[in-house]
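> Got chain A sorted already, so can you dock chain B onto it with the hints?
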Amino acid sequence: MTDLTIKNINKFYDKTQVLFDVNLSIKDGEFIVLVGPSGCGKSTLLRMIAGLEDINSGEISLGEKVINKLAPRDRDVSMVFQNYALYPHLSVAKNIGFSLRMRKVEKSIIENKVKDAAEMLGLTHLLSRLPRNLSGGERQRVAMGRAIVRDPEIFLFDEPLSNLDAKLRVMMRNQIKEIHYAVKTTTVYVTHDQIEAMTMADKIVVLNTGIIEQVGSPDDLYDNPNNTFVASFIGSPSMNQLTGKVVSEKGKKYFQAKDKSLFLLPEKSNISVGQEIVFGFRPEHVDINSSVSEDTITLKVKVDQPTGSQSLVFANVGDEEICLDVPKSHLLKPGIEFKMSPRLEHIHIFNSETGKRI
Amino acid sequence: MNRNQGSLLTSIYTIIALAITMIFFFPLWWSFSNSLRIPKETFTVTGVGVPFINFTPTLGNWQHQLSFPEAQLALTNSSVIAILSTLLAVVVGLPAAYALARFRFRFPPNKDITIWFISQRVLPPAAAVVPFFMIWNMLGIYDTKFSMILVQTTFIMPFVIVIVRQTFIDLPIELEEAAMVDGATHIGAFLKVAVPLSIPAIAAASLIMFTFAWNDYFFASVLTMKNFTLPIWAASDVGTRGIHFWFMAVKTMIAIVLPLILCLFAQRYIVRGLTLGAVKG
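So the sequence lines, in the order shown, correspond to chains A and B. Residues 1 to 358 (our numbering) are what the first sequence spells out, left to right. Residues 1001 to 1281 (our numbering) are what the second sequence spells out, left to right.
One chain only, chain A, in its complex shape (with noise of 0.2 angstroms):
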């Protein structure tokens, strides 16, 4: 029962950096998951985790022990590929196997783990094919199999979802969770979608360049971001985000678009007149055509995207493009006006310059 702890990681390529000053701690049995767009060092990460990769400074310790130096096998963590990297020479049981012939492991014992790890995954009519003749999703639970059926400290996941359709990628999701709620062991889980990251996440580590953005649980960085990258990252359809200043009407205080529409803003004592900010709300944060609200807006529906019971209707606020999401019953469809205003209790301010939250 160990806490991983990741302190001033730095990393090259050659010249190039690649992660920043890198500060993490994870708890035993945390399901952790690293986000970000490609190329923000999230797999470089996880691989230095696993110590496939080389640290050029800094610390990775699992418990009281820094285990930068050790080689991969002394590490006791097991990793879930991208591509699984299932050996292709051996069978689904073999591969299971794997890792249990390579600590010496009695025979018997291996059978008998081999077995209940496939039961676990419902592999156990495939034992005997090999890779080649399994589909994609018995690949990717096979993959699995190898990494829980050794009970290691941590169990690492590069992407493991992204080779999946979308219907298959959801039923992992939550047998990947179930695992996790039975076995408890601390995973961490890099992926470049959000969605994965919101419905798998105890925690969400969102980096971006090398340096982590924001960490904290799904609901933390939905509701609360700490700068437009978060808040532009998490979430789906994105936030809006319009750029503009901060006027005074009336006594109360509104942004001002670009192209001079008002947006009422909440009593903020923080936020001075004529300062520039970026005004963020998400697309289901909206009223439509509301008699309650005095301050609306209004706009013109430019396309609309059903989604079932939703519709994305997009619009402009001068020349910059938002996305609502509106029952369908508000029927908008191109070209009718519409009035909306955003919910004050969850307007998002960011500083335009930093990006930061205000």
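Among the clues, some could well be false.
What the hints assert, rightly or not - A short, non-exhaustive set of chain B residues, derived as facing chain A with CB atoms under 8 angstroms:
#1 Ala-1184
#2 Thr-1185
#3 Val-1193
Said to hold, decoys possible - DEER-style ranges, computed between Cβ atoms:
#4 Arg-103/A x Leu-1087/B: 55 to 65 angstroms
#5 Pro-1172/B x Arg-103/A: 53 to 63 angstroms
#6 Thr-124/A x Ile-1199/B: 42 to 52 angstroms
#7 Ile-109/A x Pro-1172/B: 27 to 37 angstroms
#8 Thr-2/A x Phe-1265/B: 46 to 56 angstroms
#9 Arg-103/A x Phe-1265/B: 45 to 55 angstroms
#10 Val-1222/B x Asn-163/A: 54 to 64 angstroms
#11 Asn-1137/B x Tyr-13/A: 44 to 54 angstroms
#12 Phe-1103/B x Lys-15/A: 44 to 54 angstroms
#13 Phe-20/A x Ile-1173/B: 18 to 28 angstroms
#14 Phe-1103/B x Glu-119/A: 38 to 48 angstroms
#15 Ile-1199/B x Tyr-13/A: 32 to 42 angstroms
Quick caveat, the hints were computed from the structure, so don't treat them as lab data. Just so it is clear, the structure is predicted and the values come from calculations on it, not from any experiment. Even glycine gets a Cβ: it sits at the ideal position worked out from N, Cα and C.
Just chain B now, with coordinates in the frame of chain A:
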């Protein structure tokens, strides 16, 4: 193009291919046929020389040749030298190929090392044979199987390095990484994952190397005396009355047997080995 035209075209291609094959196959057939004739029938048999139809076959030439101890010596020497030098080249060459595929050397860089290996093959043997002769003499291993194995290994190893290096490059590196996370050492990942997955390429390279070592005439002609090899023995039947075609034919057949068996044995690997790297997966 309709289907009939297509199949007609296929037939024509097949006939042309067969004709070309027969042209190339004819010398071999002629040797085989000749090895079963009595000497005076060498040039007198008509037709294409089919035994029992064009002439009465005899095993006399074979019996005569195989009764000489030279035959056994040449066969043993060639087998030992070709097999052991191929094995040695594989054992030494595989790690080299792997290192070139997976590690980055700064000085000299990987590309230069690879070219250096290839240069051993490209080097005219004539440039190397005299130094070899002098060194082997100095070391007192001239005219031994051991020294011939060293020479052959030097010249065939580039094949395994270049061919298998590419195969290693084409293998997803995650497989070895998975093995290392799963508890293998780097050498373990190499032996348990990278090598088994490269068997087709290794088999193909081995066969090419074996053939080169087996067929070598030049080095054997200079670097052996009493410990001669098959090509030397096969080319030696020139008497005062000209070339003994009937004995040459027998020797050629003997020289072909072992590579032929190996070829048939490794056939399915070679085909896969040659397409390996072209199509991934």
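> Could you run down the list of hints and mark each one as holding or not?
Do the hints match the structure? See the list:
1. Ala-1184: holds, 5 angstroms
2. Thr-1185: Holds. Min distance 7 angstroms.
3. Val-1193: Since the shortest Cβ distance to chain A is 6 angstroms, the answer is holds.
4. Arg-103/A x Leu-1087/B: 55 to 65 angstroms: violated, 31 angstroms
5. Pro-1172/B x Arg-103/A: 53 to 63 angstroms: Distance hint for Pro-1172/B, Arg-103/A is violated at roughly 23 angstroms.
6. Thr-124/A x Ile-1199/B: 42 to 52 angstroms: violated, 30 angstroms
7. Ile-109/A x Pro-1172/B: 27 to 37 angstroms: For Pro-1172/B against Ile-109/A, whose Cβ atoms are near 30 angstroms apart, the range 27 to 37 angstroms holds.
8. Thr-2/A x Phe-1265/B: 46 to 56 angstroms: Cβ of Thr-2/A to Cβ of Phe-1265/B: about 53 angstroms, so the range 46 to 56 angstroms holds.
9. Arg-103/A x Phe-1265/B: 45 to 55 angstroms: Since the Cβ atoms of Arg-103/A and Phe-1265/B sit about 36 angstroms apart, the hinted range of 45 to 55 angstroms is violated.
10. Val-1222/B x Asn-163/A: 54 to 64 angstroms: Between Val-1222/B and Asn-163/A, where Cβ atoms are some 58 angstroms apart, the hint holds.
11. Asn-1137/B x Tyr-13/A: 44 to 54 angstroms: Roughly 52 angstroms apart at Cβ, these two residues keep to the hinted range, so it holds.
12. Phe-1103/B x Lys-15/A: 44 to 54 angstroms: For Lys-15/A against Phe-1103/B, whose Cβ atoms are near 20 angstroms apart, the range 44 to 54 angstroms is violated.
13. Phe-20/A x Ile-1173/B: 18 to 28 angstroms: With a Cβ separation near 26 angstroms, Phe-20/A and Ile-1173/B satisfy 18 to 28 angstroms, so the hint holds.
14. Phe-1103/B x Glu-119/A: 38 to 48 angstroms: holds, 41 angstroms
15. Ile-1199/B x Tyr-13/A: 32 to 42 angstroms: holds, 33 angstroms
This entry does not satisfy hints 4, 5, 6, 9, 12, going by the numbered hints stated previously.
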